[in-house]
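Colleague: Protein chains in written order, with my numbering: chain L, 1403 to 1594; chain C, 1403 to 1594.
Because the hints were derived from the structure by calculation, they are not lab data.
Mixed in with the good hints there might be a few duds.
With a Cα cut of at most 25 angstroms, we get these calculated BS3-like pairs of lysine-lysine [stated by the list, open to error]:
hint: 1; chain 1: L; residue 1: 1593; chain 2: C; residue 2: 1500
hint: 2; chain 1: L; residue 1: 1458; chain 2: L; residue 2: 1430
hint: 3; chain 1: C; residue 1: 1517; chain 2: C; residue 2: 1563
hint: 4; chain 1: C; residue 1: 1507; chain 2: C; residue 2: 1563
hint: 5; chain 1: C; residue 1: 1405; chain 2: L; residue 2: 1580
hint: 6; chain 1: L; residue 1: 1593; chain 2: C; residue 2: 1491
hint: 7; chain 1: C; residue 1: 1409; chain 2: L; residue 2: 1507
hint: 8; chain 1: L; residue 1: 1409; chain 2: C; residue 2: 1593
hint: 9; chain 1: L; residue 1: 1430; chain 2: L; residue 2: 1500
hint: 10; chain 1: L; residue 1: 1517; chain 2: L; residue 2: 1430
hint: 11; chain 1: L; residue 1: 1563; chain 2: L; residue 2: 1550
hint: 12; chain 1: C; residue 1: 1580; chain 2: L; residue 2: 1580
hint: 13; chain 1: C; residue 1: 1550; chain 2: C; residue 2: 1517
hint: 14; chain 1: C; residue 1: 1517; chain 2: C; residue 2: 1500
hint: 15; chain 1: L; residue 1: 1409; chain 2: C; residue 2: 1507
hint: 16; chain 1: C; residue 1: 1469; chain 2: C; residue 2: 1517
hint: 17; chain 1: L; residue 1: 1563; chain 2: C; residue 2: 1507
hint: 18; chain 1: L; residue 1: 1517; chain 2: C; residue 2: 1593
hint: 19; chain 1: L; residue 1: 1580; chain 2: L; residue 2: 1550
hint: 20; chain 1: C; residue 1: 1517; chain 2: L; residue 2: 1405
hint: 21; chain 1: L; residue 1: 1580; chain 2: L; residue 2: 1563
hint: 22; chain 1: L; residue 1: 1405; chain 2: C; residue 2: 1593
hint: 23; chain 1: C; residue 1: 1550; chain 2: L; residue 2: 1409
hint: 24; chain 1: C; residue 1: 1526; chain 2: C; residue 2: 1507
Note that this is a predicted model, so its numbers are computed, not measured.
2 protein chains.
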Amino acid sequence: MAKVISKGIGTFYHHYPRVATIVTAHAKGRDNAMAVAWHTSISFSPPLYGISISPKRFTYQLIVDSKEFGVNFLPFEAAELVASVGGSKGREIDKFQKFNIATDKPVRTAVPILKDAYAAYECKLVDDRGYGDHRLLVGEIVAVHWLKESFAPEEILDLDKICPILYLGHDLYLTTSKDTARSLDREVYGKR
Amino acid sequence: MAKVISKGIGTFYHHYPRVATIVTAHAKGRDNAMAVAWHTSISFSPPLYGISISPKRFTYQLIVDSKEFGVNFLPFEAAELVASVGGSKGREIDKFQKFNIATDKPVRTAVPILKDAYAAYECKLVDDRGYGDHRLLVGEIVAVHWLKESFAPEEILDLDKICPILYLGHDLYLTTSKDTARSLDREVYGKR
Chain L
1403 MAKVISKGIG
1413 TFYHHYPRVA
1423 TIVTAHAKGR
1433 DNAMAVAWHT
1443 SISFSPPLYG
1453 ISISPKRFTY
1463 QLIVDSKEFG
1473 VNFLPFEAAE
1483 LVASVGGSKG
1493 REIDKFQKFN
1503 IATDKPVRTA
1513 VPILKDAYAA
1523 YECKLVDDRG
1533 YGDHRLLVGE
1543 IVAVHWLKES
1553 FAPEEILDLD
1563 KICPILYLGH
1573 DLYLTTSKDT
1583 ARSLDREVYG
1593 KR
Chain C
1403 MAKVISKGIG
1413 TFYHHYPRVA
1423 TIVTAHAKGR
1433 DNAMAVAWHT
1443 SISFSPPLYG
1453 ISISPKRFTY
1463 QLIVDSKEFG
1473 VNFLPFEAAE
1483 LVASVGGSKG
1493 REIDKFQKFN
1503 IATDKPVRTA
1513 VPILKDAYAA
1523 YECKLVDDRG
1533 YGDHRLLVGE
1543 IVAVHWLKES
1553 FAPEEILDLD
1563 KICPILYLGH
1573 DLYLTTSKDT
1583 ARSLDREVYG
1593 KR
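Please model the complete structure; the sequences and the hints are all you need to start from.
Modeller: Rendered as structure tokens:
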């Protein structure tokens, strides 16, 4: 099979699937939630998490005002909620009310934590930097809410309990195939 | 189910699975490859891609020297190669030789492009910034190598052709379950 080489690129989806998250924020009496697929951990110590969002978003303004954000990881059953949150505007409606989103109380910030999340990070903003048409927001994770029974002892996801939401682009969602899981010891493979 | 709330956290895997990539670099006559799971797109225009790696890595030094890096996306059949690359040290061995890694020629940089990749980005470094124990390297994507027949018309991955490599942490790899794919039109769900 021959490869195509593109030098000019528009939107690019080759790097998907990505875990779909719901990012939450609270400022001046307003809550909001948005769907975010561009996110990654950035440091173990201190624990830093980065999300990349457009500065046009209402959520961005709330995060800038409050210097806090939440990152919520939801089971595949909540994929419709991600689509609902992604397809509506927090400037116009209260998404929590409209989509009947239940929340848990945060402990170190004021960001809404989704009750249906199997894990959620409360983050304090430590950097807000423009790259192209997005802003990279880096937060220190100051609290983790997680369903202990959904994780294996090493704190990796227990795929018998939870199927994560993967986003492939263009409104397509899917999950993992747990039967394909393989343990490949890097120490062994690195010496082969 | 009651949630646990952790305020102090060490390594954290709640946000996995993530697509496992092989990042490549070339400087001063040396090539290297490393396994990277902390990566995300950062901007559409210009197209920017971010990877987070430890400054202790040999690959980091090559990227700083050359101001270039490659990001390679591989099919699940190559999971063992990711483990091999992740479990070996480029300062000590030539991973391309040891693991018999075939490459394609880059077109806008000098970074090795993996022949087995269904997609690969050539990136020119535009920022190198320290966050905690890692460096966030932001690159502008200056060329994309991709197998056109592995992608649907919208340039999202065709899961009938390619199963991506997902990394769950602790040396566990798996792939997607294409039968679970659902199209959820955000415009429709946002109005429900």
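Colleague: It remains to establish, for every hint, whether it holds in the given structure.
Modeller: Structure-based check of each hint:
Between residue 1593/L and residue 1500/C the alpha-carbon distance is near 9 angstroms, which keeps this suggested pair within the 25 angstroms criterion. Of the pairs offered as hints, the one joining residue 1458/L and residue 1430/L holds, with about 18 angstroms between alpha carbons and a cut-off of 25 angstroms not exceeded. Of the pairs offered as hints, the one joining residue 1517/C and residue 1563/C holds, with about 16 angstroms between alpha carbons and a cut-off of 25 angstroms not exceeded. Between residue 1507/C and residue 1563/C the alpha-carbon distance is near 24 angstroms, which keeps this suggested pair within the 25 angstroms criterion.
Using a Cα cut-off of 25 angstroms, the hinted pair residue 1405/C and residue 1580/L holds, with the two alpha carbons roughly 24 angstroms apart. Proximity of residue 1593/L to residue 1491/C is assessed by CA-CA distance (about 10 angstroms); at most 25 angstroms being required, the pair is judged to hold. The hinted pair formed by residue 1409/C and residue 1507/L meets the criterion: a straight-line CA distance of about 14 angstroms does not exceed 25 angstroms. A threshold of 25 angstroms between alpha carbons decides the hint, and for residue 1409/L with residue 1593/C the separation of about 38 angstroms lies outside it, so the pair is violated.
Taken as a hint, the residue 1430/L and residue 1500/L pair is honoured in the structure, with Cα atoms around 20 angstroms apart against an allowance of 25 angstroms. Restraint check: the Cα-Cα separation between residue 1517/L and residue 1430/L comes to about 22 angstroms, which is no more than 25 angstroms; the hinted pair holds. Under the criterion of a C-alpha separation no larger than 25 angstroms, the hint pairing residue 1563/L with residue 1550/L is consistent with the structure, at around 11 angstroms. A hinted pair counts as satisfied when its Cα atoms are at most 25 angstroms apart, and residue 1580/C with residue 1580/L qualifies at roughly 12 angstroms.
The straight-line distance between the Cα atoms of residue 1550/C and residue 1517/C is roughly 14 angstroms, inside the 25 angstroms bound, and the hint therefore holds. At most 25 angstroms may separate the alpha-carbon atoms for a hinted pair to count; residue 1517/C and residue 1500/C meet this at roughly 16 angstroms. Using a Cα cut-off of 25 angstroms, the hinted pair residue 1409/L and residue 1507/C holds, with the two alpha carbons roughly 14 angstroms apart. Distance hint between residue 1469/C and residue 1517/C is fulfilled; the C-alpha atoms sit about 22 angstroms from each other, no more than 25 angstroms.
At roughly 44 angstroms between alpha-carbon atoms, residue 1563/L and residue 1507/C are farther apart than 25 angstroms, so this suggested pair is violated. Taking the CA atoms of residue 1517/L and residue 1593/C, the gap is about 22 angstroms. The hint holds against a cut of 25 angstroms. Taking the CA atoms of residue 1580/L and residue 1550/L, the gap is near 19 angstroms; set against the 25 angstroms cutoff, the hint holds. For the given pair, residue 1517/C sits about 9 angstroms from residue 1405/L by alpha-carbon distance, which is consistent with the 25 angstroms threshold.
Proximity of residue 1580/L to residue 1563/L is assessed by CA-CA distance (about 10 angstroms); at most 25 angstroms being required, the pair is judged to hold. With a C-alpha separation of about 40 angstroms, the suggested pair residue 1405/L and residue 1593/C falls outside the 25 angstroms cut-off, and the hint is violated. Straight-line distance between C-alpha atoms of residue 1550/C and residue 1409/L comes to about 14 angstroms, which keeps the hinted pair within the 25 angstroms bound. For the hint linking residue 1526/C to residue 1507/C, the alpha-carbon distance of about 16 angstroms falls within 25 angstroms, and the restraint holds.
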